[in-house]
Amino acid sequence: DQQVKQNSPSLSVQEGRISILNCDYTNSMFDYFLWYKKYPAEGPTFLISISSIKDKNEDGRFTVFLNKSAKHLSLHIVPSQPGDSAVYFCAADNSGYALNFGKGTSLLVTP
Amino acid sequence: DAGVIQSPRHEVTEMGQEVTLRCKPISGHNSLFWYRQTMMRGLELLIYFNNNVPIDDSGMPEDRFSAKMPNASFSTLKIQPSEPRDSAVYFCASSQGYRENYGYTFGSGTRLTVV
Chain X
1 DQQVKQNSPS
11 LSVQEGRISI
21 LNCDYTNSMF
31 DYFLWYKKYP
41 AEGPTFLISI
51 SSIKDKNEDG
61 RFTVFLNKSA
71 KHLSLHIVPS
81 QPGDSAVYFC
91 AADNSGYALN
101 FGKGTSLLVT
111 P
Chain B
1 DAGVIQSPRH
11 EVTEMGQEVT
21 LRCKPISGHN
31 SLFWYRQTMM
41 RGLELLIYFN
51 NNVPIDDSGM
61 PEDRFSAKMP
71 NASFSTLKIQ
81 PSEPRDSAVY
91 FCASSQGYRE
101 NYGYTFGSGT
111 RLTVV
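Protein chains in written order, with the working numbering: chain X, 1 to 111; chain B, 1 to 115.
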């Protein structure tokens, strides 16, 4: 059973606009959340993370928001650039155990 | 560091044949993971090693799959016999296991096609 869900398989955004990628989880024991970015023919690379004691973490153009009561997190990319076109995976961790990944959302940023 | 190295990058094999995927983790990383990526299930964990010891292999699909980590610098994932439904991209990842320095480092993956 999928404990981390990314319900949007794909998203298309115009360059310069905001991209919002969503992720829901079911396991209330998850206490650390990560986003990974994947280009074709490459492995996923770590992008940004957030601990459950926070509700926001920002790194340059990337911000992750966590809503624990809703078991929901989102990744905001502002402004979006064509080089951001990739598959984005949401992942969750339970006390340092192996990560649970969602199915991914394919982001296309158009010029 | 060269990162996590997987070989081969691509493998095409006939149903029933044995397939061995290889992984060299980053030196100093004490955790190693094998994941499989498919359209239907996304990235699913197959097995997890810590200090060369298998911790959880509950994600291994069935007895046809086996994984070993004979030392800190090498791991294999073997499928015998292979079936068409095993076709997927298999990723190896390693980590130091510390939350503050989390970030698994993934290899580039092995794309397996079983015909």
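Check before you lean on any hint, since a few could be wrong.
Said to hold, decoys possible - Which bits of chain X does chain B cover? Going by a derived footprint, with three or more residues having C-beta under 8 Å, they are:
# : region
1 : 40 to 50
2 : 79 to 85
What the hints assert, rightly or not - A few chain B residues that don't get close to chain X, going by computed Cβ distances all over 12 Å:
#  : residue
3  : Gln6
4  : His10
5  : Gly28
6  : Glu44
7  : Asn50
8  : Ile55
9  : Asp56
10 : Asp63
11 : Arg64
12 : Thr105
Quick caveat, the hints were computed from the structure, so don't treat them as lab data.
Idealized CB from N, CA, C, for every residue including glycine.
Practice task
Could you tell me which of the hints above the structure violates, numbers in ascending order?
Solution key: Hints 2, 3, 4, 6, 7, 8, 9 and 12 not satisfied by this model.
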